[in-house]
Amino acid sequence: MDLEEVKGVAWNARLKLTEEEMQEFAKDLEDVLSYFSVLDKAPDTGKHDFNPVPISNVLRDDEVARDVDAGSLRDSMDTYQDMVRGPRLT
Amino acid sequence: MSCHLTVEKLVTLNERYHPFSDLTKDLSDLTDYPPKFHFSAKDNICALGFQARAGSKILDGYRPPFDATVVRKMREADGILIGKTNMDEFGFGTFCTNSAFGVPLNPHDVERSCGGSSGGAAAIAALLEKHVSLAESTGGSISCPASFCGVIGFTPTYGRVSRYGLIDYANSLDKIGLIVRAPSDLRRFLPIISGPDKKDPTSCVQPRLELDGFKVKSVAVPEEALRNLDPAVLQAFEAALGKLKEQGIEAHRVSMPSLGFALAAYYVLATSEASTNLARYKGMLFGVRGGHIDQSFNDYFSEVRSANFGKEAKRRVLLGTYTRMVGFRDRYYLKALAVRQLIIKEYQGLMERDDAVLTPTMPFIAPRFTEIAKMKPLEVYQADFLTVPPNLTGMPHISLPCGYHDGMPIGMQFVAPHWEERRLLDVADRWCGEFKIRFPGAIA
Chain A
1 MDLEEVKGVA WNARLKLTEE EMQEFAKDLE DVLSYFSVLD KAPDTGKHDF
51 NPVPISNVLR DDEVARDVDA GSLRDSMDTY QDMVRGPRLT
Chain B
1 MSCHLTVEKL VTLNERYHPF SDLTKDLSDL TDYPPKFHFS AKDNICALGF
51 QARAGSKILD GYRPPFDATV VRKMREADGI LIGKTNMDEF GFGTFCTNSA
101 FGVPLNPHDV ERSCGGSSGG AAAIAALLEK HVSLAESTGG SISCPASFCG
151 VIGFTPTYGR VSRYGLIDYA NSLDKIGLIV RAPSDLRRFL PIISGPDKKD
201 PTSCVQPRLE LDGFKVKSVA VPEEALRNLD PAVLQAFEAA LGKLKEQGIE
251 AHRVSMPSLG FALAAYYVLA TSEASTNLAR YKGMLFGVRG GHIDQSFNDY
301 FSEVRSANFG KEAKRRVLLG TYTRMVGFRD RYYLKALAVR QLIIKEYQGL
351 MERDDAVLTP TMPFIAPRFT EIAKMKPLEV YQADFLTVPP NLTGMPHISL
401 PCGYHDGMPI GMQFVAPHWE ERRLLDVADR WCGEFKIRFP GAIA
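Protein chains in written order, with the working numbering: chain A, 1 to 90; chain B, 1 to 444.
The hints are simulated quantities; they were obtained by calculation from the structure and are not laboratory data. Treat each hint with caution, since some may be false.
Said to hold, decoys possible - The calculated EDC-like cross-link candidates involving lysine to aspartate or glutamate, where the alpha carbons are at most 20 angstroms apart (straight line), are:
no. : chain 1 : residue 1 : chain 2 : residue 2
1   : B       : Lys376    : A       : Asp28
2   : B       : Lys217    : B       : Asp168
3   : B       : Lys374    : A       : Asp28
4   : B       : Lys311    : A       : Glu5
5   : B       : Lys199    : A       : Glu63
6   : B       : Lys345    : B       : Glu371
7   : B       : Lys376    : A       : Asp67
8   : B       : Lys9      : B       : Asp22
9   : B       : Lys199    : A       : Asp67
Unchecked claim - So the derived label-pair ranges between C-beta atoms look like this:
no. : chain 1 : residue 1 : chain 2 : residue 2 : range
10  : B       : Pro257    : A       : Phe50     : 19 to 29 angstroms
11  : A       : Tyr80     : B       : Gly407    : 57 to 67 angstroms
12  : B       : Pro65     : A       : Phe50     : 22 to 32 angstroms
13  : B       : Val11     : A       : Asn12     : 39 to 49 angstroms
A virtual CB, placed ideally from N, CA and C, is assigned to each residue, including glycine.
The task is simple: from the sequences and hints, build the whole structure.
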């Protein structure tokens, strides 16, 4: 895996890597991806279930309830005049 | 009756072995002991009154405003939560050396690893009498540390225990379970933590938990699982097979070719899911905040993630992002899903004749930290080759101590069909009825 490829993947993952990290991860990922190629030899069952056991949707009753106080969730966030502050969108 | 456990004793233990990442300052609630009991929760399980950092610097300072369902159930059953146990960052590790908050030390030898990622949970179970640790496994994070610390690690069927309040690693793999000292603890606490929970749909399809009514008569032992083992592990395992035979449990040597694909399939799925789960950590909602708010959101998020994720977290996020990218999704992700079904089918085939599948838990005894430092990432991943298969399939499994080498414990791992936890309880009762587990020292 070349450094440009690592840089592209890191951008998708919202990670800024140092030159040293990129060198190291390029080697590590190369090793691991090479190992993953064993999957090419595995038979394809054609079954692609996302969970190991069957799961069905479960809907809760539509009842008004307070689970967690919204105010307590805001405690861990940066707020300004009861609004959550975030970075610029552009 | 009062408990001999004091905060001072816990602090002393923590200074020596570092099992906790957050510790109670008050044990006055333990005065009615029993019926009250003390328990700990792995640091990726949310609990009121404690930080929940999942071993990550990016969650430093996060105090959840609610209890995870398992914590609520344990508290309702008279449990007193004494602390959060240290772990590899987000569960990413085999040796519990990837936490931002120190490294727990093996109670049998402080120069060696506790195993990961529930290292603190296994260490404190080994150190404290009558303690129960809530742990969590994605690819072996209960079995591995239980094996290295010489205690019992129980991973229930995927979906048996609600994960509401668990900080996700990989949603199709995460399971909350127990690390304890005795099978009687499993019989007591498994029914408490199990059961449907409307807050976690994956817990709502489960059949009733049965504890009794099955006597294991035979186990399948895959030949593929006996390769590349430390000779001491193989010797202890073979000796255990002999003792099991005396207890009426016959071992049948079998071949399980799909095991050769399990590790790759697991790491593809686990890192793919982890890379999406970790997208929520961006310096706004939990834990540490980002720097300059005037930056664009991409720069802001990237900066805080790059500064606060550890090396292994970055490695796995990169790996998972890569395997989900256009052009690779079919080759890696979809193939890994197909392989999971293949392995489930092969386990089910084996368990048509035999009642469980048995292997050693880990290929070696707990390694020294100096040895771990020399291992490449792929070598670390490959150490999971025995614990990954049952985790990938969601089948319940248990690691039991089965021998010792140089004073260090060796574990064996039984795997049962989905929802058949009672088979594991049966083998645990029978094995521990005769095998003497050595604990490194108790204080309460």
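Tested hints:
| no. | hint | in the structure |
| --- | --- | --- |
| 1 | B:Lys376 with A:Asp28 | holds (8 angstroms) |
| 2 | B:Lys217 with B:Asp168 | violated (37 angstroms) |
| 3 | B:Lys374 with A:Asp28 | holds (14 angstroms) |
| 4 | B:Lys311 with A:Glu5 | holds (18 angstroms) |
| 5 | B:Lys199 with A:Glu63 | holds (14 angstroms) |
| 6 | B:Lys345 with B:Glu371 | violated (37 angstroms) |
| 7 | B:Lys376 with A:Asp67 | violated (45 angstroms) |
| 8 | B:Lys9 with B:Asp22 | holds (15 angstroms) |
| 9 | B:Lys199 with A:Asp67 | holds (11 angstroms) |
| 10 | B:Pro257 with A:Phe50: 19 to 29 angstroms | holds (24 angstroms) |
| 11 | A:Tyr80 with B:Gly407: 57 to 67 angstroms | holds (58 angstroms) |
| 12 | B:Pro65 with A:Phe50: 22 to 32 angstroms | holds (30 angstroms) |
| 13 | B:Val11 with A:Asn12: 39 to 49 angstroms | holds (44 angstroms) |
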